[in-house]
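K.L.:
Sequence:
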Amino acid sequence: MNHDHRIREARPSDVPAIVGLIQELADFEKLGHLAQATPETLHPHLFGARPVVECLVAEGTQGELIAFALFFTNFSTFLAKPGLYLEDLYVQPQHRGSGLGKALLTRLAETAVARDYGRFEWSVLDWNVNAIEFYKKMGAVLMDDWRVCRIAGPALQAYKR
0 MNHDHRIREA
10 RPSDVPAIVG
20 LIQELADFEK
30 LGHLAQATPE
40 TLHPHLFGAR
50 PVVECLVAEG
60 TQGELIAFAL
70 FFTNFSTFLA
80 KPGLYLEDLY
90 VQPQHRGSGL
100 GKALLTRLAE
110 TAVARDYGRF
120 EWSVLDWNVN
130 AIEFYKKMGA
140 VLMDDWRVCR
150 IAGPALQAYK
160 R
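In this text, residue positions in the sequence shown follow numbering that gives the first Met the number 0: the first is 0, and each later residue adds one.
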């Protein structure tokens, strides 16, 4: 296991690099054409007057960002407790297998416990077998009976008043 990285909370100066990692993730998922994040659009959601997301980053040996985990608080009505939802986790290919993904997930789980959240959850693409097996080893349970529903783009805009 390689420990040539440091995990920390993102800072405003990290936003351009985070956007670069988001684009890498989108390209890896073959969804690069859908990525619209820019430093200008992401910054207010991380560091503006009413932040809605948080981000952990991992620095490499030269201080460059090599991974990120972007997350936010959701809520379980059944548990009557908040939860931590991991929107995206990405580790650059050359740093995979170093323990960095596990370290990021562990840090997020510790955060959920420290905040007395009822659960920690995320989604994974069904074709990403390596990630699925990795998550199972971390103790994650795949919720096969649940499906993600989404309204976005023009379908969402149709609800504009």
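For the record, the hints were derived by calculation from the structure and aren't laboratory data.
Among the hints, erroneous ones may be present.
Here are the computed lysine-lysine pairs in the DSBU-like style, where the Cα-Cα straight-line distance is at most 30 Å [to be verified]:
{"id": "1", "residue 1": "K159", "residue 2": "K136"}
{"id": "2", "residue 1": "K29", "residue 2": "K136"}
{"id": "3", "residue 1": "K135", "residue 2": "K101"}
{"id": "4", "residue 1": "K80", "residue 2": "K101"}
{"id": "5", "residue 1": "K159", "residue 2": "K101"}
{"id": "6", "residue 1": "K80", "residue 2": "K29"}
{"id": "7", "residue 1": "K101", "residue 2": "K29"}
Quick list of the computed label-pair ranges, beta carbon to beta carbon [claimed, not checked]:
{"id": "8", "residue 1": "P92", "residue 2": "S122", "range": "16 to 26 Å"}
{"id": "9", "residue 1": "R149", "residue 2": "T60", "range": "37 to 47 Å"}
{"id": "10", "residue 1": "Q61", "residue 2": "G96", "range": "18 to 28 Å"}
{"id": "11", "residue 1": "A154", "residue 2": "A113", "range": "34 to 44 Å"}
{"id": "12", "residue 1": "M142", "residue 2": "H42", "range": "26 to 36 Å"}
{"id": "13", "residue 1": "G96", "residue 2": "G62", "range": "33 to 43 Å"}
{"id": "14", "residue 1": "D115", "residue 2": "L30", "range": "27 to 37 Å"}
{"id": "15", "residue 1": "G152", "residue 2": "G62", "range": "16 to 26 Å"}
{"id": "16", "residue 1": "D115", "residue 2": "K136", "range": "22 to 32 Å"}
{"id": "17", "residue 1": "G96", "residue 2": "A48", "range": "19 to 29 Å"}
{"id": "18", "residue 1": "R95", "residue 2": "G62", "range": "34 to 44 Å"}
A virtual CB, placed ideally from N, CA and C, is assigned to each residue, including glycine.
K.L.:
Which numbered hints does this structure break?
P.N.:
Result: hints 1, 5, 6, 13, 15, 17 and 18 break, sorted rising.
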